[in-house]
Amino acid sequence: MSSTPNMQFLSEIKRQYPLIGLALTIHRSVRDTPITFKDKPYLIELYKDFPVIKSADIIKAVQTGISELMIQLILERSGWAHKICAYVLPTYSLRNRFVQKRIDPLLDRVPEYKLRAHGSGNVAGKRFGRGSLLFLGSNTPSDFVEFSADIMVIDEFDR
Amino acid sequence: MSEIHESIKDSLKPLKQLDNERDNAYHCFLLWCMQEESLRSLALISRATGLNEATIRVWKKKYGWSGRSGAVPGSEVQALQLLRARMSEFRDEVQVELLKSGIDAVLEECAPASLRSFVRRQQQGLEDLSEPAEVQAYKAKLSTPVIPPARPEDLDLGKYVRDKHLTKQKVDMQIAMIDGAMMYIAEAMKKGEVKVSLRDLPPLLKARALLTGMPTDNINVNASVEVEQVESYRVKLARKKGGTEREIVNAIREDIEDIGIILGVIGDAEDVMPIDAIRTERDREIEPEKDGDESLELEE
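Chains as they are written, first to last, in the working numbering: chain A, 1 to 159; chain B, 1 to 300.
Honestly, the hints are just simulated from the structure, not real lab data.
A quick note: this is a predicted structure, and the numbers were derived from the prediction, not measured.
Note that beta-carbon positions come from the ideal geometry of N, C-alpha and C, so glycine has one too.
Each hint should be verified, as a subset may be incorrect.
The following label-pair restraints were derived from C-beta to C-beta distances [said to hold, decoys possible]:
id	chain 1	residue 1	chain 2	residue 2	range
1	A	I66	B	E37	47 to 53 Å
2	A	R109	B	A209	45 to 51 Å
3	B	L205	A	T140	52 to 58 Å
4	B	E108	A	E156	35 to 41 Å
5	A	R130	B	R239	49 to 55 Å
6	B	G64	A	R159	54 to 60 Å
7	A	R15	B	R246	29 to 35 Å
Model the full assembly from the supplied sequences, consistent with the hints where possible.
Below is the structure:
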């Protein structure tokens with residue numbers, strides 16, 4: 001495969017900003033479409049900074065691409081940066097639906113993810129790369145016992 | 001000569017795909033052959049290929065992997081080359097990626113030292129490439145060669161340089177020059193007189209180690225210049241769908257638009273005040289108001 005200038009740009013972007021690199025070269029939406037920033041340029045700074053900032057609170061409208069960003073954040077931090085990532089959703093059933101509809105298809109279909117996913121795991125926890133992915137329902141206190149996490153994403157906080 | 005080639009081909013026959021052997025089963029067999037005999041793991045193959053371990057176990061028995069692998073001396077190297085050759089036969093990017101990841105996983109976790117050494121030598125362009133074309137068919141090139149293989153004229157030049165410049169006297173002189181250069185870099189860095197960086201040191205250290213016979217494994221001269229070539233998912237998808245040249249070019253064009261937007265935003269973001277500075281600025285603005293309020297309260 002010959003090298004094109006945009007491949008070199010992509011390499012450099014991937015090296016400097018791993019999450020943007022992941023979005024452009026590996027990740028895809030549930031509908032199997034590539035991630036684009038053309039219609040959502042406001043996401044670029046978030047993709048750039050999220051792997052390095054300590055914390056952030058976001059109040060947002062629906063369909064802004066933030067959940068997709070969060071999915072990529074936990075996959076990248078776990079699979080490539082070897083971190084333990086916890087993703088909290090308001091309820092147990094919402095957690096199950098989220099994992100089955102948005103996470104499992106990716107781990108099953110994207111070769112780079114598939115390689116890092118050690119089997120399908122279960123809905124609540126998966127080993128991914130050298131890190132782990134934990135999916136918790138905030139209405140089940142037992143989920144929050146006996147676990148530690150380097151990165152915590154709390155989604156749908158207001159529900 | 002052709003007899004030799006025939007005998008080589010015959011000796012590799014056990015590693016060839018059987019007529020009734022499915023592609024996936026054959027790839028697993030080759031990955032299995034690549035592994036160190038005492039470390040062979042079906043679980044690793046299952047993990048790397050995403051295929052069921054029990055199925056792979058069935059294939060192992062059904063297609064007589066142990067016998068076939070044992071019949072070929074150095075089967076691990078041959079298996080690696082056969083796998084690489086097969087990668088070029090597939091148009092399906094996912095299949096190719098899976099094969100690549102399988103090879104990487106085996107090389108990383110349980111390849112025998114001889115195979116790892118072979119790959120390292122090939123990466124350095126040191127593996128003997130002077131065999132005839134028929135034998136070369138089993139020697140697929142690395143997918144991402146780090147250094148291009150040496151050309152014959154380069155090898156002759158190497159001999160010329162060795163004979164002329166690597167005499168005892170000259171080697172001592174060269175070592176002294178390298179030491180001098182390193183001291184110069186250290187001094188220059190200390191005084192800030194010359195723009196040099198730590199990246200300038202590894203080539204000198206490696207040259208010195210080569211001349212003095214010290215180990216060079218831990219000196220990575222190329223690390224700073226190696227660039228991984230990546231392709232966007234958009235372009236991969238266009239290729240995977242068997243897109244026309246125009247569709248692939250369109251995908252590349254869309255990539256460039258995206259990259260332009262990203263670089264634009266990142267460039268602008270560098271001009272934005274860092275968040276801590278914003279907070280300090282805001283606190284400074286708020287503080288006098290607080291003072292004012294307090295004084296008003298006191299007056300009241």
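Status of each hint after checking the structure:
Judged by the Cβ atoms, the range 47 to 53 Å given for I66(A) and E37(B) holds: they are separated by roughly 51 Å. At about 47 Å, the beta-carbon gap between R109(A) and A209(B) stays in the expected band of 45 to 51 Å. Between L205(B) and T140(A) the Cβ separation comes to about 57 Å, which falls inside the hinted range of 52 to 58 Å. In this structure the supplied range 35 to 41 Å holds for E108(B) paired with E156(A), their Cβ-Cβ distance being about 39 Å.
Between R130(A) and R239(B) the beta carbon distance is about 30 Å. The supplied range of 49 to 55 Å is therefore violated. Checked against the hint of 54 to 60 Å, the pair G64(B) and R159(A) passes, with Cβ atoms roughly 58 Å apart. At about 31 Å, the CB distance of R15(A) to R246(B) agrees with the hint of 29 to 35 Å.
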